[in-house]
Amino acid sequence: MITFEKVIKEYNGGQKSYRALDDINLEIKDGEFVSIIGPSGAGKSTLLKMLIREEVPSGGQITVDNINVPELTDSEVPYLRRKIGTIFQDFKLLTNKTSFENVAFALEVVGADEEQIKTDVPKVLRIVGMDEKFENFPHQLSGGERQRIAIARALIHRPKILLADEPTGNLDLLNTFDVIKLLMKINEFGTTVVLASHDREVVNAVGQRVITMDKGKVVKDQEQGKYTI
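The numbers in our numbering rise by one with no breaks, and the one at position 120 of the sequence shown is 120.
I should point out that these hints are in silico values taken from the structure, not numbers from a laboratory. Just to be clear, a hint being listed does not mean it is correct.
[As the list claims (entries may be wrong)] Simulated restraints, written as ranges between beta carbons of each label pair:
1) 221 with 135: 14 to 24 Å
2) 68 with 222: 20 to 30 Å
3) 90 with 129: 14 to 24 Å
4) 63 with 135: 22 to 32 Å
5) 92 with 214: 19 to 29 Å
6) 92 with 198: 18 to 28 Å
What you are looking at is a predicted structure, and each value in this text was computed from that prediction instead of being measured. Here a beta-carbon is modelled for each residue, glycine too, at the ideal position from N, C-alpha and C.
Put together the whole structure using the sequences plus the hints.
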């Protein structure tokens, strides 16, 4: 369960302050697939950053899986982030590592042993359809394939929640819908998926709950169906 209660985020710049999030009240249930849509600057990315405590609110309350996110200490943040997988528009893969090594690295940094890595990495590469390209480096992969590796890396800790911030922004139409179908498949396994996008066609392809944001506010929350203005 994810909840936002009266969440505000302000940035101060000289004599002016900018409110990126303005009185956000949301509840996302376990296992939901929620699309957050809106133009650039609407507050979508800020909202997602709050969930992994990359940003902290100026006011209000955020809980993730009964964890009071703003009150976490720095040493507690890594435990929160193991519950949450994240994927981004620019993939963020390590260019000097193979597909296998990119996914394995996420386990290595938390002290996983070699046996766990040898067991878990092939499984998650199979889930995303990249088990035949585990020896390829990022420059040898298409944009869609690189995003699949990024998704595999996000899934390796078996997160309860997957955050996807404009994950198809750098992809062509075919790869865009391949990635969206993969996210929907992951959601069917029980993972909560929160997708931020400015692409109406992407959101319509999902066909589930749509939250529309503009100027830091939630302006519409549609339980299911097509995105409408």
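Comparing the hints with the structure gives:
Between residue 221 and residue 135 the C-beta distance comes to about 45 Å, which lies outside the given range of 14 to 24 Å. Checked against the given bound of 20 to 30 Å, the beta carbons of residue 68 and residue 222, roughly 29 Å apart, stay inside it. A hinted range of 14 to 24 Å holds for the C-beta pair residue 90 and residue 129, which are about 21 Å apart. At about 42 Å, the beta-carbon gap between residue 63 and residue 135 misses the expected band of 22 to 32 Å.
At roughly 28 Å, the beta carbons of residue 92 and residue 214 sit within the given window of 19 to 29 Å. At roughly 20 Å, the beta-carbon separation of residue 92 and residue 198 lies within the given 18 to 28 Å, and the hint holds.
Consistency with the previously given hints fails for numbers 1 and 4, ordered from lowest to highest.
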